[in-house]
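Position chain L relative to chain P; hints supplied.
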Amino acid sequence: MERIGRQVGSAALAAAVVACAFGVVQLAGQTRGTVPRGTDGRPKLDGIWQAMTTANWNLQDHSQSAGPPMVGALLATPGGVGVVEGNEIPYRPEALAKKKANFEKRWTEDPEVKCYLPGVPRATYMPYPFQITQSANKILIMYAYAGAVRAINLDTIPEPTVDTWMGHSLGRWEKDTLVVDVSAFTGQQWLDRAGNHHSEELKVTERYTMLGPDHIQYEATLDDPKTFTRPWKISLPLYRNIDRRAFLVNYKCVEFSEEVLYGHLRKKPTP
Amino acid sequence: MDMKSRWLASLGIAGVMFLASYPAAQTSSGGAGKGSTAKKASKTPWGHPDLQGVWTTDFEQAVPVERPAEYGTRAELTAEEMRKRQELIEKRARDDAQDRVDLGKVPGAGSRVQSGDGPEHWYEIGKSESNRTSLIIDPPNGRIPEYTPEGKKRLAKQNDKGSFRNNSTGPWDGPEDLDLRDRCITRGLPRTWFPSAYNNGFQIVQTPDTVVVYYERLHEARVIPLDNRPLPGPDVREYTGISRGRWEGDTLVVEVTNFSDKSEFYGAAENLKVTERYRRVGDAVEVEFTVTDPTTWVKPWTAKVTGVKDPEYWQIFEYACHEGNYGLVNILAGARAKEKADAAKRKQSNP
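Top line first, the protein sequences correspond to chains P and L. Numbers given in my numbering equal positions in the first sequence, counted from 1, plus 1. Numbers given in my numbering equal positions in the second sequence, counted from 1, plus 1.
A couple of the hints might just be wrong.
[To be verified] Derived pair list, reagent style SDA-like, types lysine to any residue, alpha-carbon separation capped at 25 Å:
id : chain 1 : residue 1 : chain 2 : residue 2
1  : L       : K341      : P       : Y263
2  : L       : K263      : L       : G175
3  : L       : K263      : P       : S258
Hints listed in this document are in silico derivations from the structure and should not be mistaken for laboratory results.
Only chain P is shown next, with the shape it has when bound in the complex (with noise of 0.2 Å):
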C-alpha cells in the first residue's frame, strides 16, 4: 500500500515537473505510458473517449442548481469546476444580455432539448462517448449524441458554401498536436446548458494532444469578434474508454424531442 503511494506520488511529481516545462499547468499527473502511434509516427487517437466535467451544464464554475421541477433531482446540475481559462468567457454587452436570456428559458430552447446537431467545442464534453478514426488524410469523429459526425480534413479542400451545425473543419500536425480549424457554423449552436453561445462568425481552434495511451488533452480556442471581445480558451482531458466490450452505441435522441418540437400540432394537442 506504501509502496504503491509513493510510486504513484513520485509519478504525480514527475509529471508535475514535465507540466511546469511545457506551460501547461493544469491537469499534470496524466503523462505516463507511451502515445500510440501509426506507421506515419503521428500519435493514433483511435479510440473511444469521453470527457469528465460538467462543462455541458456550465463551462464555467458552478455550484449545484435545481434543474426543470416536475423530474425532481433527476435532470438537476451538479456543481463542477469549470474548463474556461481565467473562468471568464469575455461577452460583449448585448451578448450577454443574450446569455442571460438564454439561461432563463434554457429548458425549453437548449438545442440540446430539440435534439439538434450540438457543434463544436460542445460535441466534444457533452456526457456521451465519442469515437475518432484516423487515416491519413482523413480522420472522422462520430459522437454518440444525436449520431453526429464530423469529417477532419488534413488535405485542403474548399470551405463550403453554406452554413453548418458541425462546422467545417480543417486539421493539420504541429509535432504532435493535431490542431483542427473550424468554421462555418450557423450560429444557433449553444455552447452548455447555461445558454453561452456564439454567432456564425465562431472560428474554433482545437487541439488535441494526446498524453498518454488514455488520455487526450483537448484545448479549444473561441474566436468570435460578434460576441465576444477576445478569443478564449477552454481546455479539459478527454479519457479512453478501456473497457474491451466498448463500443460505440449511437443515441439518436430526434425521437425523444418530437413532442417538444410537434406535441402543438398532435390531432391532440399536448398540452
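What follows is chain L alone, placed relative to chain P:
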C-alpha cells in the same frame, strides 16, 4: 472452419498482403478523389483492400430496387430500353410543370409535386448511367421473395406510414404516423444503400481494426469493429443494427444484427439480419447485401449497389435533416388545418 481459425487465417492473408504491397504502399486518400485516371494503389499500407474515399451511387439512381416483371431474369436493359429510361430521366431532371403532371401519371416515375418534396435544385436526377434492371440480384427474377403472413402485415403497417412516397391516406395525427425518413430519425439499414434522388454519397475510412461507413444522407456513420469485439446482448438494439466485420480474403464481410423493433425495412424489423460484402473492383466499391428474416420473407434476398468516384462529389456535406424538418411541421399543420376546414364545412351543411 471455426471462428478462431478463420480469423487467424485471414490474419495470415493480411500479413502476406502487407509484405507484398509494402514497398509500393502509398497512404491512400480517404477522400478528395479528383478523377480516377491515375493508377492508384488499391491496398492500404497494412495490406487490406483499400475501400477509402468518397463514393456515390448516383449512377444507379434510376435502377429500381425490384425488377419490373417484363424483364424476367434479364439483369440488363437493351439499348432501346435504356434509351427510353434515359428519356424519362431527362424529363424528371427538367424543372417543367407539364412534365411533372405527365410523370405523375407514370407509375414509379414520381411526380414531385407533393407535400414534403423539395425544389427541383435539390435533386440529382440525370446522372444515372447504369443499365441494370434491378438492384436485387437474387432471387434471379430480381424481386423480393414471398412474404410470410406476419411479414405482409408488418409491411402494410410500415407502408401506411408516410407522406407522398407511398400515397399514404393518413392519418397524420402525430409524428409517429410518418416514417423514420420523414421524421429524420434514420434512413434505415440496408435501405440507405439504395440510391435516391439526392445525397447518394458515402465515405469510407479504414484502419487495421475498424471500418467506418459514413453516409451523407442523415449523417449516419457506422463504426464497424474488425477485432472480434463481442456483440452486446439482445436488449441493446439500434435502428441501423449493430455491425461486426471481418476480412475474408479481399472481401470485407459485415454482419448486422440487433435491429430495433422500430426499424423499418420492407416489412422487416427486429429479426432482420444483414450480411454485407464489400469489394474493391477497379475504381469502384461494390457492396452486396443479403437480408434474412424468416419472420418476414420465405427466403433471403440479395441486392447490390456500386459506389463510384465522381470528380464533382468529393466531400460529404452536412445533412442536417431534423434541424430543418419543415416538411413534418407542414404535414401535421396541414392535417390540422384540413380538419378545421372539414369541421366548418360540416357545420355549414348541417346548421
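- List in ascending order the numbers of the hints, as given earlier, that are violated by the structure. Per hint list: zero violations.
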